[in-house]
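Colleague: The listed protein sequences derive, respectively, from chains A and B. Going by the numbering used here, the first residue of the first sequence is number 1, and it counts up by one from there. Going by the numbering used here, the first residue of the second sequence is number 414, and it counts up by one from there.
FYI, nobody ran anything at the bench for these hints, they're computed from the structure. Careful, some of the hints might be misleading.
[Unchecked claim] No more than 20 angstroms apart at the CA atoms, straight line, and that leaves these computed lysine-lysine pairs for PhoX-like:
id, chain 1, residue 1, chain 2, residue 2
1, A, Lys74, B, Lys588
2, B, Lys420, A, Lys120
3, A, Lys332, A, Lys347
4, B, Lys664, A, Lys74
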Amino acid sequence: MAYTIQLIDLSKRYRLGQAPLSLKSLFSSHKYTQDNRYHWAVKDINFALNAGEALGIIGPNGAGKTTILKLLSKVTYPTRGKILLDGRFSALIELGAGFHPDLTGRENVFLNGAILGMRKAEIQKRFDEIVEFAGIDKYIDTPVKRYSSGMYARLGFAVAAHVDPEILLVDEVLAVGDMAFQRKCYDRMLDLIKKGATLIFISHNMRAIQKVCSRTIVLYRGQVAYDGSPAQAAAEYSNILRTAATDRNGEDEPIGHGIAERVMTREAVIEHVEMLHNDGQPGNTFISGETVTVRATLHITADIQAPVFACAIRMPDGQVAYDYTTHWADLKTPNFYANTRSQVAFKLDLNLATGTYQLGINLAYEDLSKYYDRSDRLMDFVVTSPSGAKGVADLNARFSVIENKLHETEIFS
Amino acid sequence: MHTSPIKTLFHHRDLLSAWTMRVIRARYQQSILGGLWAVLQPVATVTIFTTVFSLILKVDTGDIPYVVFSYTALVPWMLFSASITDMSESIVSNMNLVGKIFFPRDILVISVMMARLLDFFIAYALLIVLMVYFSIPIFMVTWLFLPVILLVQLALALGLGLILAALNAFYRDVKHVVILLLQVWLYVTPIIYPVNLVPERFQSIYFLNPMAGVVEGYRAIMLYGSIPDDRFLISASVALVVLLAGYWFFKRVEHRFADII
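Please put together the full structure from these sequences, using the hints given.
Modeller: In structure tokens, the structure reads:
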């Protein structure tokens, strides 16, 4: 097998509300029906990891991070799709899971080790190492109920990290403990990766992920929103957090409607959007630095007061290249009246680097509580730059060389 | 999921023993009398029954004093009923763990039963003391049959325990049903009365209760120096069927436990 972990179309569905109260339903296992009383916690997740690879998974609450970890650790089973695992794994979903408060640290090490799949002899062999790592040798024969939460977590991590896993799954567990211990945990993870272990690290702390992972997946609403470098993922994640914050406004709406229906009142609708060259001709290919007018035609079905207009330009991976709102610009917009059509325009200096971009326009309530209409991708357009510069912004570099008397070359960019 | 339960259990034997120790330690931690409770409970129950059935309502138990007669059956019964109660709760009370870490879930069920075995041995040691006190002849040879009876009883209990543990995870009504069921079961088993009090024409149905054969088996080997009669075979076959059915059912639904918290 080429990969140590491979996820193929992995999907997990949970039932909303009460479990069915019939014995028959216990037996009808893998059949599933289309039903909006179900909720897909994760849907169609695909990724594969090689030995020695470290993957971070980040996403807002409820994005499906923990569900993936539970599926990977076989605590729960997928509704659809499959997971291929090759190697002994250890999952740190909760530090010290199975610790009994009345038992001593020593007894709990053996208990927890056994739960994590270690043989008694193996635990015996690593016992001193575990205790030393946790730094609690003085208290090892004290019942863990007298431990501080930090000591408890330290002992828990120490046991799990000494399972010598080929695949290590780590959930948000390092939030506890002091800085020194956290560093110890990261070092241990890096150490395991170096030894060829495959790591999946779940967190909503981007910095923690960047410390150990070479690759990051951004999860949003149960799906992979981004898969790539941690740096790019960070940008994408902040983007998603913003979206999540605005989506939250519609949360009391009945579940089962799409995101769009939940956040938009559609009292004003973006009917048509075009991008115009300087000469008024519509187009979708522009030269970097060109002045372009984005023109949107709105159909208004109710009286609306001073709406907020936003215009955003995104890169294909979702990263925002430019985001403008009349609210931030502190611009007063007029009122619009029912059964009218209006046109609004944003005049932009398209100082973008070569690439494909997505144009999005939002129409929000004056108090930003809801959207009238929004789309993050109304149209795609291409920017070409004669200089061939890469990146996001075209800063229009003008290169020159100034020779001085000593014939040293200085470059200004 | 598709490997045999025996193989996975063997693989996780260290966890089984560690978890059993945890259950035992946790039960007697912070308790003054500790393991003494294993004896006190059956002694108290037998005292009550003895008061009622040998002083107030005279029950004829032949040459064997009522105390010994009922104690011989009551201790195995208490093992049976306590382990079934514990087993039916074993998944629900460890949901926190079930929802977070993967390991064979039947370990939780088996280990609480194993933990009750310790109580059984402590309490049964007292039986010898009672027998010596009442000068009842001791037949050590037939004691060799004790493991067989015990195994049949455990198989029966485990089969039921697995079914009840799984059902209780889905429907909490099960817990209440179990208490009721065990109460009725105590009275349809010859524990506090001898079998010969059961009318002859009901005897064949009566022994369809697998615990009747088991309890009579204990009396045969401990008190009468004989080996269990044919009716014990009914118990053994029922126990085997129940165990297989229990495992089949448990394995069939265990993957859902984590989803129903």
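Colleague: Could you run down the list of hints and mark each one as holding or not?
Modeller: Going through the hints against the structure:
1. Under the criterion of a C-alpha separation no larger than 20 angstroms, the hint pairing Lys74 (chain A) with Lys588 (chain B) is inconsistent with the structure, at around 27 angstroms.
2. A threshold of 20 angstroms between alpha carbons decides the hint, and for Lys420 (chain B) with Lys120 (chain A) the separation of about 18 angstroms falls inside it, so the pair holds.
3. The hinted pair formed by Lys332 (chain A) and Lys347 (chain A) meets the criterion: a straight-line CA distance of about 17 angstroms does not exceed 20 angstroms.
4. This hinted pair checks out: Lys664 (chain B) and Lys74 (chain A) have alpha carbons roughly 14 angstroms apart, not beyond 20 angstroms.
In the structure shown, a violation is registered for the earlier hint numbered 1 alone.
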